[in-house]
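**Student:** Residue-level listing of the chains:
Number of protein chains: 2
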Amino acid sequence: MTKKLYIPGPVEVNADVFAAMSKPMIGHRMPEYATLHASVTDQLQTLLNTKDPVFLSTSSAFGIMEGAVRNLVQKRCANFANGAFSTKWHDVTKRCGIKADLFSTEWGQPITAKMVDDALSSGDYDAMTMVHNETSTGVMSPLTEIAEVMKKHPYVSFIVDTVSSMSAVPIDFEALGLDVCLAGVQKAFGLPPGLAVCAVSRAALDKAKATPNRGYYFDFEEFEKNDLKHNTPSTPCISLIYGLDAQLKKMFVEGLENRYQRHADMAQATRNWLQQQGFGLFAAEGHRSVTLTSGTNDGNTDLEQLKKLAGEHGYAMDNGYGKIKNKTFRIPHMADMTMSDMEEYFSLLEELLPQVRS
Amino acid sequence: MTKKLYIPGPVEVNADVFAAMSKPMIGHRMPEYATLHASVTDQLQTLLNTKDPVFLSTSSAFGIMEGAVRNLVQKRCANFANGAFSTKWHDVTKRCGIKADLFSTEWGQPITAKMVDDALSSGDYDAMTMVHNETSTGVMSPLTEIAEVMKKHPYVSFIVDTVSSMSAVPIDFEALGLDVCLAGVQKAFGLPPGLAVCAVSRAALDKAKATPNRGYYFDFEEFEKNDLKHNTPSTPCISLIYGLDAQLKKMFVEGLENRYQRHADMAQATRNWLQQQGFGLFAAEGHRSVTLTSGTNDGNTDLEQLKKLAGEHGYAMDNGYGKIKNKTFRIPHMADMTMSDMEEYFSLLEELLPQVRS
Chain E
134 MTKKLYIPGP
144 VEVNADVFAA
154 MSKPMIGHRM
164 PEYATLHASV
174 TDQLQTLLNT
184 KDPVFLSTSS
194 AFGIMEGAVR
204 NLVQKRCANF
214 ANGAFSTKWH
224 DVTKRCGIKA
234 DLFSTEWGQP
244 ITAKMVDDAL
254 SSGDYDAMTM
264 VHNETSTGVM
274 SPLTEIAEVM
284 KKHPYVSFIV
294 DTVSSMSAVP
304 IDFEALGLDV
314 CLAGVQKAFG
324 LPPGLAVCAV
334 SRAALDKAKA
344 TPNRGYYFDF
354 EEFEKNDLKH
364 NTPSTPCISL
374 IYGLDAQLKK
384 MFVEGLENRY
394 QRHADMAQAT
404 RNWLQQQGFG
414 LFAAEGHRSV
424 TLTSGTNDGN
434 TDLEQLKKLA
444 GEHGYAMDNG
454 YGKIKNKTFR
464 IPHMADMTMS
474 DMEEYFSLLE
484 ELLPQVRS
Chain G
134 MTKKLYIPGP
144 VEVNADVFAA
154 MSKPMIGHRM
164 PEYATLHASV
174 TDQLQTLLNT
184 KDPVFLSTSS
194 AFGIMEGAVR
204 NLVQKRCANF
214 ANGAFSTKWH
224 DVTKRCGIKA
234 DLFSTEWGQP
244 ITAKMVDDAL
254 SSGDYDAMTM
264 VHNETSTGVM
274 SPLTEIAEVM
284 KKHPYVSFIV
294 DTVSSMSAVP
304 IDFEALGLDV
314 CLAGVQKAFG
324 LPPGLAVCAV
334 SRAALDKAKA
344 TPNRGYYFDF
354 EEFEKNDLKH
364 NTPSTPCISL
374 IYGLDAQLKK
384 MFVEGLENRY
394 QRHADMAQAT
404 RNWLQQQGFG
414 LFAAEGHRSV
424 TLTSGTNDGN
434 TDLEQLKKLA
444 GEHGYAMDNG
454 YGKIKNKTFR
464 IPHMADMTMS
474 DMEEYFSLLE
484 ELLPQVRS
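Protein sequences, first through last, are from chains E and G. Using the numbering used here, read the first sequence as starting at 134 and increasing by one per residue. Using the numbering used here, read the second sequence as starting at 134 and increasing by one per residue.
Any given hint could be a false lead.
Because identical chains cannot be distinguished in the list, a pair is counted as satisfied if it fits within a single copy or across any two copies.
[Claimed, not checked] Mimicking DSS-like on lysine-lysine, the simulated pairs with C-alpha atoms at most 25 Å apart in a straight line are:
no.	residue 1	residue 2
1	K440	K208
2	K156	K342
3	K232	K441
4	K285	K362
5	K460	K362
6	K227	K382
7	K441	K456
8	K285	K440
9	K156	K284
10	K247	K441
11	K137	K358
12	K362	K247
13	K358	K247
The hints are simulated quantities; they were obtained by calculation from the structure and are not laboratory data.
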C-alpha cells in the first residue's frame, strides 16, 4: 500500500514535481543545461540573498558536509552538536583525518551564541560546523545571535547545515556572514533526495584553494570554475535539477513571506495540537523548529503501535530518531504541505490514539 | 526545441523510465526502501556474476572513482590512461593527497596486459585504476587479458571503471577477479544521471578498513554495514533507484545475451556506416567499443556545422571530446537504443553531410 509521508524527509513529492523531473533528458555540456543551471542558481541566490555562488552537488547533504570540512579546515574544527546529525558531522570530520573537537549540549537544547563564543575564543579553530535545524530533535538554533558572535572570529569558517530549514525560514547568507550554507532537497524543497545545494562565500572559496588533499568530487574550486560556465564538475542529476527549478519557481509565485508564514502557522498548529493531546514539546521553548515538531511521549502511549496502525491506514508516521526513538515522535510540516494536510493527520491520530494509550 | 540525444551519455531516457521514477516517494528507513534496495542489488549481482556487494552511491561516477582510491590506496597507485577520463582519474587521485603515477598510451589505443604487467612488476603499487571503455575515444581495453596478468599481482587492488560498458557487454566480476567495478547509470543503463553503482570484492572491503582518512560519504565499510540491512549510509536518490529497478527488470526480460548482441549489432552497423561515408574509425582494430564509435574526421567535413544542422533538425549530435574534438565525433549505440534509432540517425546525417563537406 502506498503511504502518505508524514516523516521529516524525504517528504511527500507532488505530481507536478515528478512531471518536471520527467522532461526529456539533455546533455550536461549542451547549452540547454547551462540555461537550466543558471535559472536554478539565480533563484537560489535570491532565496539566500547572496551574490556568492550556490553550487549544485549531486549527492545527499552529508556529501557536501564532508566536502565543506575537507575544503575549509586547515588547522582544527569545532563541531557544535545538539542532536544526531550535528554529532555525526564531528565523526565525519575526524574520519577525513581532520583535527576536530566536539562541543555538545543536551538534545532538545539549542546551540547558543555563548557556547560558540566560549569555544572559539581559545583561538584553536579555523572552522566551525553547526546544524541550524536539528531534524533529529526539532530544535532550531538562534542563527542570528550566533552570527553576531561569529563576527568576533573572522578567521573561523562559519559552516552551517540548513538541511531542514532552507526555504522555510529566511536565511540571509550575506547579513549572517555565513561561509557555507547547505541543504538537501528532500526536506523543505519538497523534492526526491539526491541533490544538495551549497552557498559558499568568497572568503571560503579563497581559503579552500590553499587547503591540501581536498579531493575532486566536492572541491569548491572545481565547483566554482564550472559554475562560472553554469555547469558542474561531474555529470549532475539533471532530472532533480529540473524538479528544483520548478519548485523554486513555485516558491516565488507563492511569495517567500507567504511561504515562511505558512510554515510558521503549520508549526504553531502542530504544537497546539500536541499539547491538546497531552503530549509535551521536546524542543526548548523559543527554539522550536518551523519545519518539524518533536512531541514527547507522555509515557502512556505505545508509539510503535501507533505507527503500525497509521501505516495500516496508509500513513507513514515517524516515531523518533536515534537515542530518543519512541521517547519522542516527530511531525513534519514543510515543503508543499498545507494546513489541510496537518488537519488530515491530526484527525487520523485522534482516531487512533485511544487504541494505543493505556 | 527538444532534441533526441545522440551523445554518449546522458542518453535518451524512455517514458517508462520516467514513469518508474515517478512512483510515490518513500522514506529510506522504511521497509519499502529495503525491499527496493534488495531488488536492485540482487539484480546487479546477477548482472555482474558476483556474490560480493554492489553499492548504490548517490553521486556521479567520479564520486565513487575518488572514493575507490581513497579506500584502497595505502602505498601508491598506478593510473593507466588512454583517454580523457582515465587521465583525469590520475589527477583526482593526486588531489586526494595519494601517491600515484600515470601510465599513458596514445588516445585511440587500448591499455594492454603487457603495459599493466610491466608497470606493476616494480612492486611499487598496491592499487591500479583503468577505464574499461573510454567514452572519450570509443576504445574498449582487453579486460580479460589484463585480468589474467593481474593474477600475478594479487596485492594490487584492481579498480575498473565500466561507466559506459556495464550491462552492454558481459562483465564477470568473480572470474575477472576485480576488486572494484563501477558505473554511472546515465550510459548503458539508460537512466538520468545522479546514481553510481559499485561492486567491491571481499579483499577490497577488508583492505579498506585499514586505510586511514577515507572519509564517510564514499567509505566502503559504511556502505557495507548499511547494505547488509539493504540500505545506504546517507539518504539515497530514491527516484533513480526506482528507475534502475525497472531498467534491470527490463534487461532480464530482454535477456542478457540478446542485450549484448543488440549492442554488438548496433556497433557493427555504425562502424560499417562510418566507413561507407568515408570516415575512419578512431579506435584501434580489435578494441572498438560496443556502446559508442568514434569516427575520424576525413578532413573535409565541418563537424561543428554538422552538429548545428543536426540540432536544427531536433537531434543532439556529438562532435568529439577534449583534445580530439572535431578531429573525431562519437556515435552512441547503447541502453534502450535499437537498430531503428541508428538508421534514423544515419539517414539524417546522410541528408546533412553533403551540406558540410567541401
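**Student:** A separate judgement is required for each hint: does it hold in the structure or not?
**Tutor:** A quick look at each hint next to the structure:
1. K440 with K208: neither (46 Å within a copy, 50 Å between copies)
2. K156 with K342: Result: close neither inside a copy nor across copies, 37 Å intra and 42 Å inter.
3. K232 with K441: neither (43 Å within a copy, 53 Å between copies)
4. K285 with K362: neither (35 Å within a copy, 46 Å between copies)
5. K460 with K362: between (49 Å within a copy, 24 Å between copies)
6. K227 with K382: neither (39 Å within a copy, 40 Å between copies)
7. K441 with K456: within (20 Å within a copy, 59 Å between copies)
8. K285 with K440: neither (47 Å within a copy, 56 Å between copies)
9. K156 with K284: Neither way: K156 and K284 sit 45 Å apart in one copy and 46 Å across, limit 25 Å.
10. K247 with K441: Answer is neither; intra-copy 42 Å and inter-copy 61 Å both fail.
11. K137 with K358: Answer is neither: 41 Å inside a copy and 29 Å across each miss the 25 Å cutoff.
12. K362 with K247: This pair counts as neither: shortest intra-copy Cα distance 42 Å, inter-copy 41 Å.
13. K358 with K247: Neither: 37 Å inside a chain and 38 Å across chains, both beyond 25 Å.
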